[in-house]
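Given the coordinates of chain A, assemble chain B onto it according to the supplied hints.
One-letter residues, chain by chain:
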Amino acid sequence: DTEVTQTPKHLVMGMTNKKSLKCEQHMGHRAMYWYKQKAKKPPELMFVYSYEKLSINESVPSRFSPECPNSSLLNLHLHALQPEDSALYLCASSLEPRTLTFFGQGTRLTVV
Amino acid sequence: KQEVTQIPAALSVPEGENLVLNCSFTDSAIYNLQWFRQDPGKGLTSLLLIQSSQREQTSGRLNASLDKSSGRSTLYIAASQPGDSATYLCAVISGNTGKLIFGQGTTLQVKP
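Protein chains in written order, with the numbering used here: chain A, 1 to 112; chain B, 1 to 112.
Here chain B stands alone, though its shape is the one from the complex:
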């Protein structure tokens, strides 16, 4: 059974810092991995998708890497801003159905 873990559960940093969020999964037979952002009480916003054959993806100040063999992904946020404050969720797809299996999330607070 696939399990996804995110560390840390919460993170508070001053504005301008570069930071790394971690995601690990137990079964390396994944199809892809997605990173999402969720603001309180809102839906999920897709940030990046990495296919299993890829090593990394970049979008603006965000860079996500994937090491499938070790069951790990990281989300790097450069020059953090208060507007980056949110919960960040990683999710993997292992089977054919499109089912996303989520980690518990990392709640990020960026202080001005």
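Bound-form chain A, shown alone:
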């Protein structure tokens, strides 16, 4: 199983809503990542979790709040987002940092 599963696939939310994106992998990977991808641009790193601890926050606004409940799950909690936050949010994982990275299919987020 070389799959990273993200839910939901699509999400439309208002600027006052609270929602969560979920990511799951069962490959025994100990590093998990959130990337953000705007249209026609490459993915940009948001957060890195290594062994369930947050190791990197790329100066992401506090309206994005990551959580790693266990080694298989990664959440991204969203609150008071802006329309410019609309993007494809990609979860990824790797056995260790700096090893082969696998991506999920992404959540297409639209903020209205």
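It is worth saying that the hints were derived from the structure and are not from the lab. Errors might be hidden in some of the hints.
Once the Cα atoms are required to be at most 25 angstroms apart in a straight line, the calculated DSS-like pairs of lysine-lysine come out as [stated by the list, open to error]:
(1) A:K9 - A:K19
(2) B:K111 - A:K36
(3) B:K42 - A:K40
Facing chain B, a subset of chain A residues (Cβ under 10 angstroms, in silico) [stated by the list, open to error]:
(4) K40
(5) K41
(6) S55
(7) P61
(8) L100
So the derived label-pair ranges between C-beta atoms look like this [what the hints assert, rightly or not]:
(9) A:P8 - B:E15: 34 to 44 angstroms
(10) B:E17 - A:R30: 36 to 46 angstroms
(11) A:K18 - B:E15: 40 to 50 angstroms
(12) B:Q2 - A:R30: 32 to 42 angstroms
We treat Cβ as the ideally placed atom computed from N, Cα and C, and that holds for glycine.
Chain B alone, transformed into the frame defined by chain A:
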């Protein structure tokens, strides 16, 4: 600061052609380099990973080479097919965190 550049930005070829996609990076102190494929609106599919100590990797019709000293990698696709149409992204890992730094991508169209 590591910067990754991909040339060309777009490429259109007839089916059956062999083709080369280029990737360059400014800081040769990389740990590894990965090539990904992305279909429109989808996540990233890992194609090949080359460790910094390696010169090339092959998978089926794909061959990726790495010249770390000159800061270059190429992805060679043999006997291209319409199903190869996608955006191809290269990404390098330089530090300890597992952060992937992506190029802007090459959008490939293979015409039947």
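Hints versus structure:
1. A:K9 - A:K19: OK: K9 of chain A and K19 of chain A at ~13 angstroms, within 25 angstroms.
2. B:K111 - A:K36: The hint is violated at about 31 angstroms.
3. B:K42 - A:K40: The hint holds at about 12 angstroms.
4. K40: Hint holds; K40 of chain A Cβ to chain B Cβ min 9 angstroms, cut 10 angstroms.
5. K41: K41 of chain A check passes; min Cβ-Cβ to chain B is 8 angstroms, inside 10 angstroms.
6. S55: This hint holds: S55 of chain A lies near chain B, its Cβ roughly 6 angstroms from the closest one there, short of 10 angstroms.
7. P61: violated (19 angstroms)
8. L100: Holds: closest Cβ of chain B sits about 5 angstroms from L100 of chain A, inside 10 angstroms.
9. A:P8 - B:E15: 34 to 44 angstroms: holds (36 angstroms)
10. B:E17 - A:R30: 36 to 46 angstroms: With a Cβ separation near 41 angstroms, E17 of chain B and R30 of chain A satisfy 36 to 46 angstroms, so the hint holds.
11. A:K18 - B:E15: 40 to 50 angstroms: holds (49 angstroms)
12. B:Q2 - A:R30: 32 to 42 angstroms: The hint (32 to 42 angstroms, Cβ to Cβ) is violated, given that Q2 of chain B and R30 of chain A are roughly 24 angstroms apart.
Checked against the numbered hints above, the structure breaks hints 2, 7 and 12 and satisfies the rest.
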